[in-house]
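Residue numbers for the sequence shown follow the numbering used here, beginning at 1 and rising by one.
I should point out that these hints are in silico values taken from the structure, not numbers from a laboratory.
Incorrect hints may have been included.
To be verified - Calculated pairs, DMTMM-like style, for lysine to aspartate or glutamate (alpha carbon to alpha carbon, straight line, at most 25 Å):
no.: 1; residue 1: K43; residue 2: D4
no.: 2; residue 1: K43; residue 2: E22
no.: 3; residue 1: K43; residue 2: E57
As the list claims (entries may be wrong) - Label-pair restraints from in silico Cβ distances:
no.: 4; residue 1: G21; residue 2: P52; range: 25 to 31 Å
no.: 5; residue 1: S12; residue 2: V59; range: 17 to 23 Å
no.: 6; residue 1: A17; residue 2: R70; range: 19 to 25 Å
no.: 7; residue 1: S12; residue 2: P82; range: 26 to 32 Å
no.: 8; residue 1: P74; residue 2: E34; range: 31 to 37 Å
no.: 9; residue 1: Q8; residue 2: A46; range: 15 to 21 Å
no.: 10; residue 1: G21; residue 2: H63; range: 26 to 32 Å
no.: 11; residue 1: D76; residue 2: P31; range: 21 to 27 Å
no.: 12; residue 1: P74; residue 2: A11; range: 17 to 23 Å
no.: 13; residue 1: A46; residue 2: A11; range: 17 to 23 Å
By construction, the Cβ of each residue, glycine as well, lies at the ideal position given by its N, Cα and C atoms.
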Amino acid sequence: MLLDLWVQPGASRSGFAGRHGERLKVRLAAPPLEGRANRELLKFLAAELGLPRSRLELVAGAHGRGKTVRVSAPGDFLKHLPVDEP
Numbered sequence: 001m002l003l004d005l006w007v008q009p010g011a012s013r014s015g016f017a018g019r020h021g022e023r024l025k026v027r028l029a030a031p032p033l034e035g036r037a038n039r040e041l042l043k044f045l046a047a048e049l050g051l052p053r054s055r056l057e058l059v060a061g062a063h064g065r066g067k068t069v070r071v072s073a074p075g076d077f078l079k080h081l082p083v084d085e086p
């Protein structure tokens with residue numbers, strides 16, 4: 001499964017922050033320098049989704065705020081993602 005994300009590096013703490021258009025917005029407590037924000041993103045997602053880091057792969061957006069992460073896991077991890085209320 002692919003997750004389309006919009007990241008905001010340099011936040012005071014990492015966390016989900018609603019939506020940015022069609023993408024899930026994630027604030028990251030790491031600067032966008034030397035891949036630190038990308039590493040923090042994968043570490044944060046692994047912890048939030050209850051998956052090992054090896055199940056996540058950044059497949060697009062290494063140098064921008066719009067990112068796509070491939071999750072190689074059963075679909076039950078979806079319950080850990082924030083869902084918009086109707």
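Verification of the supplied hints:
no., hint, result
1, K43 <-> D4, "holds, 16 Å"
2, K43 <-> E22, "holds, 23 Å"
3, K43 <-> E57, "holds, 11 Å"
4, G21 <-> P52: 25 to 31 Å, "holds, 30 Å"
5, S12 <-> V59: 17 to 23 Å, "violated, 28 Å"
6, A17 <-> R70: 19 to 25 Å, "holds, 22 Å"
7, S12 <-> P82: 26 to 32 Å, "violated, 19 Å"
8, P74 <-> E34: 31 to 37 Å, "holds, 33 Å"
9, Q8 <-> A46: 15 to 21 Å, "holds, 19 Å"
10, G21 <-> H63: 26 to 32 Å, "violated, 19 Å"
11, D76 <-> P31: 21 to 27 Å, "violated, 33 Å"
12, P74 <-> A11: 17 to 23 Å, "violated, 30 Å"
13, A46 <-> A11: 17 to 23 Å, "holds, 18 Å"
Against the hints set out earlier in the document, violations occur for numbers 5, 7, 10, 11, 12.
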